[in-house]
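If you read the sequence shown in this note's numbering, its first letter stands for residue 173, the second for the next number, and so on.
FYI, nobody ran anything at the bench for these hints, they're computed from the structure.
We treat Cβ as the ideally placed atom computed from N, Cα and C, and that holds for glycine.
Just so you know, not all the hints are guaranteed correct.
[As the list claims (entries may be wrong)] Below are the DSS-like pairs computed for lysine-lysine, each with C-alpha atoms no more than 25 Å apart in a straight line:
| no. | residue 1 | residue 2 |
| --- | --- | --- |
| 1 | Lys297 | Lys215 |
| 2 | Lys283 | Lys271 |
| 3 | Lys222 | Lys252 |
| 4 | Lys239 | Lys222 |
| 5 | Lys239 | Lys280 |
[Said to hold, decoys possible] Label-pair distances were calculated between CB atoms; the ranges are:
| no. | residue 1 | residue 2 | range |
| --- | --- | --- | --- |
| 6 | Leu212 | Asp331 | 14 to 24 Å |
| 7 | Leu212 | Lys271 | 33 to 43 Å |
| 8 | Val260 | Phe210 | 16 to 26 Å |
| 9 | Glu328 | Phe210 | 18 to 28 Å |
| 10 | Thr216 | Thr279 | 12 to 22 Å |
| 11 | Asp255 | Glu225 | 34 to 44 Å |
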Amino acid sequence: MLKFNIIALAFSSAFAFNATECFDSSYEVEVTHKSFPFGLLTKTLGISKKGCEVTLSHNQWKYLNRKWVVDICRDPIHIKSADNSVEVFRKVGSCKTVKNPFCNQLTKLKKVIEDDGLIFAEGSKSELDSDHGKVYCSYILMQEYLSKSVVFNKGENYDYLLKKGSAVPEGTDSQFTVDPSSGKANF
173 MLKFNIIALA FSSAFAFNAT ECFDSSYEVE VTHKSFPFGL LTKTLGISKK
223 GCEVTLSHNQ WKYLNRKWVV DICRDPIHIK SADNSVEVFR KVGSCKTVKN
273 PFCNQLTKLK KVIEDDGLIF AEGSKSELDS DHGKVYCSYI LMQEYLSKSV
323 VFNKGENYDY LLKKGSAVPE GTDSQFTVDP SSGKANF
């Protein structure tokens, strides 16, 4: 019985990915589902991850298109939004204490990933080869970068990100502050 449990545990964990594999991977995924009214229209979320750049495109009701580009390896923390022209939204402070255009974009981005990606993507979130795994990987990376100010670096180990109750290792967080009035970073 013990041998069976060990084999089952090893087999089940062989398909789970860790955060370092998530960060190192490149992929494209598209999640489509029927939408309002009465399932006649569709919503499509496309995610492309190449290196440090995560690009999300959202097509809602055929004519309402949005696109965000997030470079998770770049300081200062920011979101590029390309609805009509490219706009850059820099993080000024924690969105728990400050409400600004960056926080508004972050809220929209999270809502799109959660509502049109995580809920409708097929497969298992623990398998990076599945659509759900790719969406979940992108969600975790952007959550760490945009909400917790973790600036990623190639060659680093990020396995602690998917472990419950773990804290960010000291020195991983971005070491700069932003003046709220001017938006300038102090390194």
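Going down the list of hints, with the structure as the test:
Our distance criterion of 25 Å between C-alpha atoms is met by lysine 297 and lysine 215, whose separation comes to about 21 Å. Simply put, lysine 283 and lysine 271 have alpha-carbon atoms about 17 Å apart, close enough for the 25 Å limit, and the pair holds. Between lysine 222 and lysine 252, the direct Cα distance comes to roughly 16 Å. Compliance with the 25 Å bound is thereby established for this hinted pair. As the CA atoms of lysine 239 and lysine 222 are separated by approximately 16 Å, the hinted pair is consistent with the 25 Å bound.
Restraint check for lysine 239 and lysine 280: the C-alpha separation of about 11 Å stays at or below 25 Å, so the hint holds. Taken as a hint, the range 14 to 24 Å is violated for the pair leucine 212 and aspartate 331, whose Cβ atoms sit roughly 44 Å apart. For the pair leucine 212 and lysine 271, the beta carbons lie near 35 Å from each other, so the given range of 33 to 43 Å is met. Against the hinted window of 16 to 26 Å, the Cβ-Cβ separation of valine 260 and phenylalanine 210 comes to about 38 Å, which falls outside the hint.
In this structure the hint that glutamate 328 and phenylalanine 210 lie 18 to 28 Å apart at CB is violated, the actual value being about 48 Å. The beta-carbon spacing between threonine 216 and threonine 279, approximately 20 Å, falls within the hinted interval of 12 to 22 Å. A hinted range of 34 to 44 Å is violated for the C-beta pair aspartate 255 and glutamate 225, which are about 18 Å apart.
Hints 6, 8, 9 and 11 from the earlier list are contradicted by this structure; the remaining hints agree with it.
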